[in-house]
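Following the hints, position chains B, C and D against chain A.
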Amino acid sequence: MDNNSGIALDLALCQQDFDPHALLSSWEGNHRSAATAVFLGRMRDRSLAGETLLAMELEHYPGMCEAQLQELAMHHSSAHAVDAVLLRHRVGRVQPGEALVVLAVAAARRGPAQRCCQDLLEAVKHQAPFWKREITAAGRCHWVQGNTPL
Amino acid sequence: MDNNSGIALDLALCQQDFDPHALLSSWEGNHRSAATAVFLGRMRDRSLAGETLLAMELEHYPGMCEAQLQELAMHHSSAHAVDAVLLRHRVGRVQPGEALVVLAVAAARRGPAQRCCQDLLEAVKHQAPFWKREITAAGRCHWVQGNTPL
Amino acid sequence: MQPPSATIEVLLFAALREQAGWARRRLPLKEPCTPLQCWKDLQLGGDTLPTEIRVAINQRFAAADTPLIAGDELAFLPPISGG
Amino acid sequence: MQPPSATIEVLLFAALREQAGWARRRLPLKEPCTPLQCWKDLQLGGDTLPTEIRVAINQRFAAADTPLIAGDELAFLPPISGG
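Protein chains in written order, with the numbering used here: chain A, 1 to 150; chain B, 1001 to 1150; chain C, 2001 to 2083; chain D, 3001 to 3083.
Hints should not be assumed to be uniformly reliable.
[Said to hold, decoys possible] Here are the simulated SDA-like pairs of lysine to any residue, each with C-alpha atoms no more than 20 Å apart in a straight line:
| no. | chain 1 | residue 1 | chain 2 | residue 2 |
| --- | --- | --- | --- | --- |
| 1 | B | K1125 | D | A3056 |
| 2 | B | K1125 | D | P3079 |
| 3 | B | K1125 | A | R109 |
| 4 | B | K1125 | D | R3054 |
| 5 | A | K125 | B | R1109 |
| 6 | C | K2040 | C | W2022 |
| 7 | A | K125 | C | A2056 |
| 8 | B | K1125 | D | Q3059 |
| 9 | A | K125 | C | Q2059 |
| 10 | B | K1125 | D | E3052 |
| 11 | A | K125 | B | R1115 |
| 12 | B | K1125 | D | I3053 |
| 13 | A | K125 | C | A2062 |
| 14 | B | K1125 | D | L3077 |
| 15 | A | K125 | C | I2053 |
| 16 | A | K125 | C | W2022 |
| 17 | B | K1125 | D | T3051 |
| 18 | A | K125 | C | R2054 |
| 19 | A | K125 | C | L2016 |
| 20 | C | K2040 | C | A2015 |
| 21 | A | K125 | B | S1033 |
| 22 | A | K125 | B | G1111 |
| 23 | B | K1125 | D | A3015 |
| 24 | A | K125 | C | T2051 |
| 25 | B | K1125 | A | G111 |
| 26 | B | K1125 | D | A3062 |
| 27 | B | K1125 | B | G1146 |
| 28 | A | K125 | B | G1146 |
| 29 | B | K1125 | B | C1065 |
| 30 | A | K125 | C | E2052 |
[What the hints assert, rightly or not] Chain B regions said to be covered by chain D (calculated; three or more residues, Cβ under 8 Å):
| no. | stretch |
| --- | --- |
| 31 | 1113-1125 |
| 32 | 1130-1137 |
FYI, nobody ran anything at the bench for these hints, they're computed from the structure.
None of these values were measured; they are calculated from a predicted model.
Backbone N, C-alpha and C fix where the C-beta goes; we use that ideal spot for every residue, glycine too.
Okay, chain A solo, but in the shape it has when bound (with noise of 0.2 Å):
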């Protein structure tokens, strides 16, 4: 959808395990901006604690979650001024090396495609209700305290 800006924003949650590249491929693809940023994060096939995980659950705040991304994405696109933002963000059940996020930014340049997809990343990281559920190949679950560090 495109909000008062101008700013092309394709923003979703993701119930299955998607392909990002294929998603990557097209949506870039109808844009071909001069500069595009990418991130994308797989689940970690070990806690930090260095336990093998089984899978992982992502809860979410179903209307929240989706309203603070929708104005997270708005707020550092403008506020970067770039083209496109693209964020796919996966919920519910999922299994080690699947995708759990993918944002891209495409911009006439390369310095506020990056920034746009650093802030932003974080932003949705702090600032949109998710929760992960770790469950062991041990067969423990526990909730993850917060995110890793940058």
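Frame of chain A, contents of chains B, C and D only:
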């Protein structure tokens, strides 16, 4: 190739147009690191002065260019302790909209992946011997004077 | 019978939801009321809101002393871990 | 006849190559010799090296006063514009 530090570097110059997403999909699919940062640069259809561009000739210093890319990638990937780097850079005649450069960095965490991608891109732009000659639709040719600002 | 509008909805997520054993509860609105007052009344963990717990009212972040009004959706959010 | 090793190779690129009208030249090595001396001898543009022109010796960046030795590949590089 792997250097002594065990960081996988996949660097090449491309004489022909290439599909950056197909390349990224196959490269990233082999690594599936927790964090991957990507920069994709495409040729603009206008010069900084606003002229419509027909094409661009990308000249390089054969031998030194490849050696510099290797050295810059080794330096920055070691400095940021990342897992793997992919770099493709066009040389020869390029059409507007074609990919000029794709740089991807895979790491265990987002900070090193993003910072290495940014630092290495700046290094390539300023330390690797490439020169752009723009050919305008009006038939004028001119050498691009240095890089666009970050 | 109280009119249906004179209530608020309280939502818990993630670890908070598991600790409390419930996800959603409708409460009669005792004006004046704040998120902190609800936290105490629902015995969610002490007489102050832990600094790591954030409050949302009608799906937007809000301060713990914001006055609540009938029909509000109040949520307590444990530390976020998205991305 | 001079032995073939007592020469250096000079390379020009991009705008410098176009201005000079040549890309590669083999020069007899008059020791002591430096990139700056070659720049002047080849009349590439004045008696000092313009600040925006960089020097490479054997495909590595080098200072303009580096002593050259027989067999060196010397290149003058106009402002880089890659990426």
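K125 of chain A and E2052 of chain C: Cα distance at most 20 Å? holds, 15 Å
K1125 of chain B paired with C1065 of chain B [C-alpha distance capped at 20 Å]: Holds - the C-alpha atoms of C1065 of chain B and K1125 of chain B are around 11 Å apart, at most 20 Å.
Given the proposed pairing of K125 of chain A with A2056 of chain C, does the C-alpha separation stay at or below 20 Å? holds, 17 Å
Measure nothing beyond the straight line between the CA atoms of K1125 of chain B and G1146 of chain B; if it is 20 Å or shorter, mark the hint as holding. holds, 9 Å
Holds or violated: are the alpha carbons of K125 of chain A and G1111 of chain B at most 20 Å from each other? It holds: about 13 Å lies between the C-alpha atoms, which stays within 20 Å.
Within a Cα-Cα threshold of 20 Å, do K1125 of chain B and P3079 of chain D meet the stated pairing? Cα-Cα ~10 Å, so holds.
Holds or violated: are the alpha carbons of K125 of chain A and Q2059 of chain C at most 20 Å from each other? holds, 17 Å
Coverage claim, chain D over the stretch 1130-1137 of chain B, checked by counting residues with Cβ within 8 Å (three needed): holds (count 4)
Do the alpha carbons of K2040 of chain C and W2022 of chain C lie within 20 Å of each other, as the hint requires? Holds, at roughly 16 Å.
Would the hint linking K125 of chain A and T2051 of chain C be met if the CA-CA limit is 20 Å? Judged against 20 Å, a Cα distance of about 18 Å means the pair holds.
K1125 of chain B paired with A3062 of chain D [C-alpha distance capped at 20 Å]: The hint holds at about 18 Å.
Does L2016 of chain C sit within 20 Å of K125 of chain A, going by the straight-line distance between their CA atoms? Status holds; Cα separation ~19 Å.
Comparing the model with each earlier hint shows violations of hints 16 and 28; every other hint is respected.
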